[in-house]
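2 protein chains.
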Amino acid sequence: MMDFLTQCRAIIGQTYVLDTPDGMAPFLTDQRGRFTGKALAVLRPGSVDEVAALVRTCVEHRVGLVPQGGNTGLVLGSVPDVSGTQVVLSLARLNSIRQIDAVNRTMTVDAGCILQHIQEAAAAEGCLFPLSLAAEGSCTIGGNLATNAGGTAVLRYGNTRELCLGLEVVTPQGEIWSGLRGLRKDNTGYDLRDLFIGAEGTLGIITGAVLKLYPQPKACITALAALPSPAHAQQLLVLMQDCCGSSLTGFELMSRYCLELVAQQFPQLPRPFAEPHPQYVLLELSSSESEQHAIGLLEQAIGAALERDVINDAVVATSVAQSAGLWQLREHIPLAQAKAGKNVKHDISLPVSRIADFIATTEPLLEAAFPGCQLVCFGHLGDGNLHFNVAPPGGMSNEDFLHNQDQVNRVVHDSVVAFGGSISAEHGIGTLKRDELARYKSPVELNMMRAIKAALDPLGIMNPGKIL
Amino acid sequence: MMDFLTQCRAIIGQTYVLDTPDGMAPFLTDQRGRFTGKALAVLRPGSVDEVAALVRTCVEHRVGLVPQGGNTGLVLGSVPDVSGTQVVLSLARLNSIRQIDAVNRTMTVDAGCILQHIQEAAAAEGCLFPLSLAAEGSCTIGGNLATNAGGTAVLRYGNTRELCLGLEVVTPQGEIWSGLRGLRKDNTGYDLRDLFIGAEGTLGIITGAVLKLYPQPKACITALAALPSPAHAQQLLVLMQDCCGSSLTGFELMSRYCLELVAQQFPQLPRPFAEPHPQYVLLELSSSESEQHAIGLLEQAIGAALERDVINDAVVATSVAQSAGLWQLREHIPLAQAKAGKNVKHDISLPVSRIADFIATTEPLLEAAFPGCQLVCFGHLGDGNLHFNVAPPGGMSNEDFLHNQDQVNRVVHDSVVAFGGSISAEHGIGTLKRDELARYKSPVELNMMRAIKAALDPLGIMNPGKIL
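If you read the sequences in order, they're chains A and B. Counting with the UniProt record's numbering, you get residues 1 to 468 for the letters of the first sequence. Counting with the UniProt record's numbering, you get residues 1 to 468 for the letters of the second sequence.
The following block holds chain A by itself, in its conformation from the complex:
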C-alpha cells in the first residue's frame, strides 16, 4: 500500500498537497482567530473527480477529512482538530460558474465559487442571486450550503437551502452523486439535497450546486424607523408585511445602545435622528416596478405606522448614498463591538411573536447574574433572528468576563429554549456549539441524526467531531 500522501500527490500533483507549516497555516485557524488545529496535509483538488479520488484514498487509509471553502465560518466547523491526523480538503480551486440559464432562472456553480462572484454573474444576466452576508467577498457557496447560511435577504428569499435546487456531492465512499437538477418540483424519493445542506460537511462533500435566480428588482429603497420598544417592532413588521407583501426585503432591529456604540467608534457615520430612541428598525423595500412605486409604498406604510403610534419617527433615504449610509449603521455594529472589546455572542432565533417577551425576560436575568453587563441586541427581526451579544460590565476586563462565557450562554440559551427558539439561527454548530446541541436537543432527535451519520458515513471520516 502506497503511503497516503504519495497517493494524494499522484492524484492532484505535488503542488496541491501542502504539508509544510507555512503552507498549511492559512487553513488551520478559524476566521476570528479563536482556534488553531493541526493537519496531516492540506489537499487542493482541481476537479470533482480528484475530490472523489482523494476521498477514496482517505477511506483506504482511514484518514478524517475536513472540507473547507472560504474558512469564514463562525463555529469552528471548517478547521481540523489538534490531533494532526486529519486532512483539510480545500474546495477553493473548484471555482467555475458552469452554466447560467436565464429562462429557467438557474445557475450551476462549483462549490468553491466566491459568493460575490456568483452575485455578479447573476447581475450580468439581469438576474438576482439574493444570498447576501458580511463575508460575501471571501466565503464560498459550498460553505454557504454546508452551513445553510442566512444573511440579510432571508425575509424575502429564504435561507441558502431555499435558494438551491440541486447538488453534486462526493459521498463518504468517494462516489459522485450527480443531483444537479434545475427543477422547481421533483418528488422522486427522499430529500437528500436538504440533508446535505446544513450538514456542515459531515455527510459528504458538496462539489457543485444549481442555484435559484430571481428577476432583478427595478428599485430598492431604505428607511430607518425609531420605535419605543421591541414590541412595537413586532407590530411594525406585521403592518409592513400587510401593506407591502413580498416587497418588504429587509427588517433589521437595532437597540439604542447599538447605535451609540457605532457613533462612539465611528463618529464619521450619519446620525439620522437628533434625539435618541429606544429601538430602531432598518427597513428595505424592493419593487419589481419602479422607484416611484417603492417610495409610494414605503411612505404609505410609514404613514400608517405613525398614525397608529407604532413608530416615533422615520427617515427615508432619498439617494443611493443615504441608503448606503443607513445600511452602514447596521453593518458597523459588529465592527464597533470588536473595537470596544470582547463580548459573548449569540446567534439565536425565536418565533417573531415572542421576541419582545424574550428580551424583556432575558435582560433582567443577565443583569441579575452579571450586574452592569451590557446587552448588544440587533439582528434580522423579520426572520426572528437576533444577535444577542453580552458585553462586560464597566470596569471588568474582557478576560475576566470571558471566563463567564459558559454561564452567560446558559442564561441566554435556557431562555431561548424556554421561548421555543433555536440556539443557532444561521451559523451552525461546528465544534463551538456541539455540547450545547447535545444539551438542548431531545434524545429522539439526536439518535435520528446519529443513525443517519452512521448510515451514510460508517467510517466516520467526514468532518469528524463536528455537529455530533
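Think of the hints as simulated: they come from the structure by calculation, not from any bench. Even glycine gets a Cβ: it sits at the ideal position worked out from N, Cα and C. Incorrect hints may appear among the rest.
Going by beta-carbon spacing under 10 Å, a handful of chain B positions derived as facing chain A [what the hints assert, rightly or not]:
no.	residue
1	L155
2	N159
3	R184
4	L195
5	F196
6	T202
7	G204
8	S247
9	A263
10	E363
11	S422
12	K441
13	E445
14	L459
15	I461
Here are the computed distance ranges between Cβ atoms for each label pair [stated by the list, open to error]:
no.	chain 1	residue 1	chain 2	residue 2	range
16	A	A360	B	R93	34 to 44 Å
17	A	A10	B	V444	18 to 28 Å
18	A	L306	B	E363	55 to 65 Å
19	B	V320	A	L335	51 to 61 Å
20	B	P26	A	Q407	39 to 49 Å
21	B	G296	A	E307	23 to 33 Å
22	B	A123	A	D309	25 to 35 Å
23	B	N447	A	A134	33 to 43 Å
24	A	E307	B	P26	28 to 38 Å
25	A	A123	B	Q264	28 to 38 Å
26	A	P443	B	V444	25 to 35 Å
27	A	D435	B	N447	52 to 62 Å
28	A	A124	B	L306	26 to 36 Å
29	B	Q99	A	L306	24 to 34 Å
Okay, the calculated bits of chain A under chain B, using three or more residues with CB under 8 Å as the criterion [what the hints assert, rightly or not]:
no.	stretch
30	273-280
31	347-361
32	424-432
We have chain A; now place chain B onto it with these hints.
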C-alpha cells in the same frame, strides 16, 4: 403476549379498530379506483400518544403500517398491499387546529386536518395558507406533507415543503419527535423535517406540523392569453416575472386540444376567444396593495407581450365570476379527459427553459410509436410541471391502449430524463412509480435512500413497499 388486535383495542378502544370487510372497505381502494388492497385492520387513533402506542405494538408484532390521510393520493402510496398482513393507520381523527400565531404567521395543526379547513382558519385571521390543489376539500395536511404536494400556488409560494417550519413525527420505534418549531432560521443539525416531508410515510408518521402563513393579498386577478407555441409561453413567463416579480401567482399552460376537449364535454363553460389558438396561458396576479394596482400591472405586462409578439391575444377577467370561469377551464381539463375516456397520465417536470424543446421532441416520438394518439398537455408551466397525458388514437379502445401503458411511459420518461427532468413532479412515487424510480435514479442515490430507510426503520414496518 396478547393478540395484536386485542392490544390495539386496549389502546384506542374497540370502536376505532375496524376489521370487518365493510368497515375497512373505504380505506383499501385508491381514489382513482385502480387498486384494492387487503388489511389486517384499520386503526383510527385519536391522539399522538395513541399513534405512538400503536406503532410500538406494531413493532412488537412486526406488523407493517400504512399511514393514511384523506386517501386522495395518485400513486397508490396510502393503500395496503394485497397480503392482508398490514394495518392502515388513519390519521383522520387527529384533526384539530392547535394554534394560530398571527404575528409569527404560523399555524400549528394536527396531521389529519383537511387542507380546506386550514385555508379557512388562516383566512379567518386575515392570513393566507397558500397550498391549493384539486383535492383540497378532502385531502389532509399530513398527506400533503408526506407527498410534498404541489398545486397551483407553487410559482409564488413553493411546494408543501416550503410551507412547513416544523413537524411532529412518531418514529418507527414508536417514539414521539417534537419538532414543532415556528422558526424561520434554525441551523441545529441535520434537516430531519425535510427528510420526513416527501418520504410518503416510509420513515415515520407525521402527526403534527407548524405551517407558514402569509398576508392575504388585497386583490387577485386573472387573464387568459393566447399564444402561437410553447416557446412563446416560456418567453411570456420571463416577461411576466420581470414586469411583475412575485405578484405573478399563477401561470398555467393549456394546449388547444385541452380547451377543445373541455368545450366538447362541458359546452356550458365560457369560450373566451372566437378563434382557436395553438396554446393558452392562464395568468393570475395577486397584489398586496389594491385591485387597481393588480390590473395596472397586468395590463402593462400584457401590453408589452402583445407589442413584442409574445402573445396573439388576451382577455382579462373583469369580475370574480369571469375569473372563476377562466379557472374552471383549467380545472375541467382532467374532468373532460375522464369523460372522454382513459389515457396514460404523466406528472413530469423540466427546467422551464427546456419545455418547448421537450414537447417538440416528444410529441413526434409518441406519434411514431402510437400513430394517431392524442397529446393532452397542460400544467403549471411556471414551475416546469406538465401533466403530459396521452389519449388513444381514434378507433382504438381504451383497454387496448392501456395495454401499451408501459411503452407510453417509456417514451415519455426516457425523454423527460434526457431533458434533465423528473418523472414525478408533484404526485410522488408510492408503488405506482416504484419501478420507474429504480430504473431512472442512479445507484448512488438509491443506495443513500436505502441506507437512510434501513437506519431509521430497521424493521421495515413503515409503509412497506412504497418508494423503494
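Where does the structure disagree with the numbered hints, that is, which hint numbers, in rising order? 9, 10, 14, 15, 20, 24, 25, 27, 30
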